[in-house]
Each structure stands twice: as structure tokens, then as C-alpha cells.
Amino acid sequence: DTAVSQTPKYLVTQMGNDKSIKCEQNLGHDTMYWYKQDSKKFLKIMFSYNNKELIINETVPNRFSPKSPDKAHLNLHINSLELGDSAVYFCASSQALARGYTFGSGTRLTVV
Amino acid sequence: SQQGEEDPQALSIQEGENATMNCSYKTSINNLQWYRQNSGRGLVHLILIRSNEREKHSGRLRVTLDTSKKSSSLLITASRAADTASYFCATGNQAGTALIFGKGTTLSVSS
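Heads up: the sequence lines are chains X and V, in that order.
As numbered in my numbering, residues -15 to 96 make up the first sequence, in order.
As numbered in my numbering, residues 4 to 114 make up the second sequence, in order.
Keep in mind the hints are simulated off the structure, nothing from the lab.
Bear in mind that the values here come from a model prediction, so they are computed numbers and not experimental data.
Check the hints yourself; a few may be wrong.
[Said to hold, decoys possible] Sample of chain V residues facing chain X (criterion: CB under 8 Å; computed from the structure):
(1) Ser31
(2) Gly62
(3) Leu78
(4) Ala81
(5) Arg83
(6) Ala84
(7) Ala85
(8) Ser89
(9) Thr100
(10) Ser111
[Stated by the list, open to error] Covered, in the sense of this in silico footprint (three residues per stretch, anywhere, with C-beta under 8 Å from a C-beta of chain X), are these stretches of chain V:
(11) 20 to 30
(12) 54 to 61
All C-beta atoms, glycine included, are put in the ideal place defined by N, C-alpha and C.
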């Protein structure tokens, strides 16, 4: 029983395409996040949702749009993919910041 | 700007040796957390230390926190090959709505 599951694990696509990454958590956590990890392993917060409400929307291109149909799901849609979008995208959830995060295993996106 | 910065960036040791990683941060914190990331995997929460604590232990892990120096250290004793991973410190952002991660220390333990 995976606590935070992301699909797909790998995604290879051409520039200009539109793609989605899905995330689901079965921990009953109220808050979910998307992070981007670059080739130097630097993790940057992108979005955060608390019980389906957008809490954090960092300086991310408008081509990235999160969607949270319910508090157990947080999907990430990316339009007009660019080479610079290549990275590993992590979904995470938490019940409270002081309890830490549970991360998914990541989606490695490669734009060619 | 980055809240946490780990030092060193990379560390190579032999099995059985101790590994020490340091983290410095810039603003006041409620707690500081350490995570491990194995190659190709997500981050795993290791240990949390509160701002009013100076030291905390969990198995072979020992974390210290010095709020006057805005720094923390993670000590892994009697390292094993399975400890090979990247280690990140994390603190809350100013709004308290998300964790900000440092750049990580990559630890290699050879047998």
C-alpha cells in the first residue's frame, strides 16, 4: 500500500507537448505539494494545496497548472513543454509541517 | 534565497566510520528536519529537532541544533553501505506553509 503514489514514473516527450502527472495519497493528510528537483538535486517548492485550496503558488510559469479534485489527489498539468522543464517532479503530503512530509517516488520528466 | 545550506556537498567514507553533515539556515525556525534520498527515490523523513532542543538521537543518528549559530549537524555512526544517499535539511518557510530544503550532502559509504 503506497502512501503517496505518482504516475507515471518516467515521462519522455517532445517540446511543445502537453502532459499531466498524477499524485494520490492514502494517508488522510490535508496538505499536498509539488516540488521540482533539478539535475543538481536542488528541490524547489512549486505548489501547495490544503484540503483542495491553493495555498502556495511560487514563481512558476503559467504553463504549469495544478488541480486538486479532492484532498487525496493533486495533479500537475504542463502545457507547451520546454527543454528546461526536464527534471524530477515530486509530490508530497503532510498533516502538519511539524510532522514532516511523506514523498512520492518522483516522476522523471525528459523533454526532447 | 536558500534557507538551508548543507556542508560538505559530498562525503566519502569507509564502512564503520562516522559521517557528519552540517546545515546552516538564515531565519528563525520552529524546527529543523533531516531527510534521506536514495538514488532514484523520493525523500524519506529521518528526524526532527525542535528549536528548544539541542540534541536528539534516533538509532545510529544524532542531530544537534545550535540556534545561536543557526546551524545543525547530522551524525551517522558506524556507517554502512546502505547509508549511501543524499541527505537534506529542511526548515519551514516564513509563512509556515511549506518546507524549504537545502542543497544536500551526498554521502558515499564504501565497503
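Self-check item: Hints breached by this structure
Solution: 1, 2, 3, 4, 5, 6, 7, 10, 11 and 12
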